[in-house]
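Go by the hints and put chain E onto chain Z.
Number of protein chains: 2
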Amino acid sequence: MSVTDELLAANAEYAETFSGPLPMPPARHVAVVACMDARLNVYGALGLHEGEVHVIRNAGGVVSEDVIRSLAISQRLLGTREIVLIHHTDCGMLTFTDDEFRQAIQDDTGIKPPWAAEAFPDPETDVRQSIARVKASPFLPYKDAVRGFVFDVATGRLAEVS
Amino acid sequence: MSVTDELLAANAEYAETFSGPLPMPPARHVAVVACMDARLNVYGALGLHEGEVHVIRNAGGVVSEDVIRSLAISQRLLGTREIVLIHHTDCGMLTFTDDEFRQAIQDDTGIKPPWAAEAFPDPETDVRQSIARVKASPFLPYKDAVRGFVFDVATGRLAEVS
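Protein chains in written order, with the numbering used here: chain Z, 1 to 162; chain E, 1 to 162.
Simulated from the structure, these hints should not be mistaken for laboratory data. You may find that some hints are simply not true.
Derived contacts from chain Z toward chain E, CB cut-off under 7 Å, selection only [to be verified]: (1) A10; (2) N11; (3) V153.
Just so we're clear, the structure is a prediction, and the values are computed from it rather than from any experiment. Cβ atoms here follow ideal geometry from the backbone N, Cα and C, with glycine treated the same way.
Looking at chain Z on its own, in the form it has when it is part of the complex (with noise of 0.2 Å):
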């Protein structure tokens, strides 16, 4: 048995108790842009249920180019109002830069990624810079509330970068 198939028999449990189908807009207005850290539970580390915010992730929970298409239809289509990015301690991104591992993926296959690893030396510089292309971006219609913060993987904590 893969553990996709015990995902699956976990899918199966969670149904037997699921009720909707709920509206598609979120119901507290909020998107969220988090690392994709299996430590960090968006829902469970901000209390959502069902519904809420629309979350979004990658590695790092850095603004790229497919954070701003996804926070322009969250904020266009579907009335998101407030952007919320979380980064967090002892991240992966920490520990190698994107020289590194564009030249380890072009040594393996022969063939260098045309992209940026996205790597950074520190949580709080990365968040700044999210903020930063988040208020940079033309896209956006909404850009007055745009806060950051740094997940802490030993405390669970949440702590606001300034």
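Coordinates of chain E only, in the frame set by chain Z:
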């Protein structure tokens, strides 16, 4: 009080019973790629706990270049071996076309985005598209265990796309 402040209050409560830190690599060696939709609680729907799987999410759950970047980091640096793709019923991405969305932004801002919105006409077709993009990527070393599903927002149940 903003919604963000409410989420911070919920986080303080979460941290009270939080026990960490867990190891950085996902214990179950899986990366999930899912839509950002508020009704899709990935941890709940798959019975997950902190520390188990990477969760990557964007508008549509589409396999964009940024998702390939995240999966490459997930597999090459953090040991994941299975990929689970999750789209869902009643998706916002079914309600517009790429051309319409880009034109609406151009009409509003004067600037046409350089990216496609990645809208799609039905979730099953786009799950197949996403699997095909994963399989075609030269940057992902583990592509034998890639499965795609549609989450039903009415029942909470995952249906596999074959």
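A quick look at each hint next to the structure:
no. : hint : verdict
1   : A10  : 3 Å, holds
2   : N11  : 5 Å, holds
3   : V153 : 4 Å, holds
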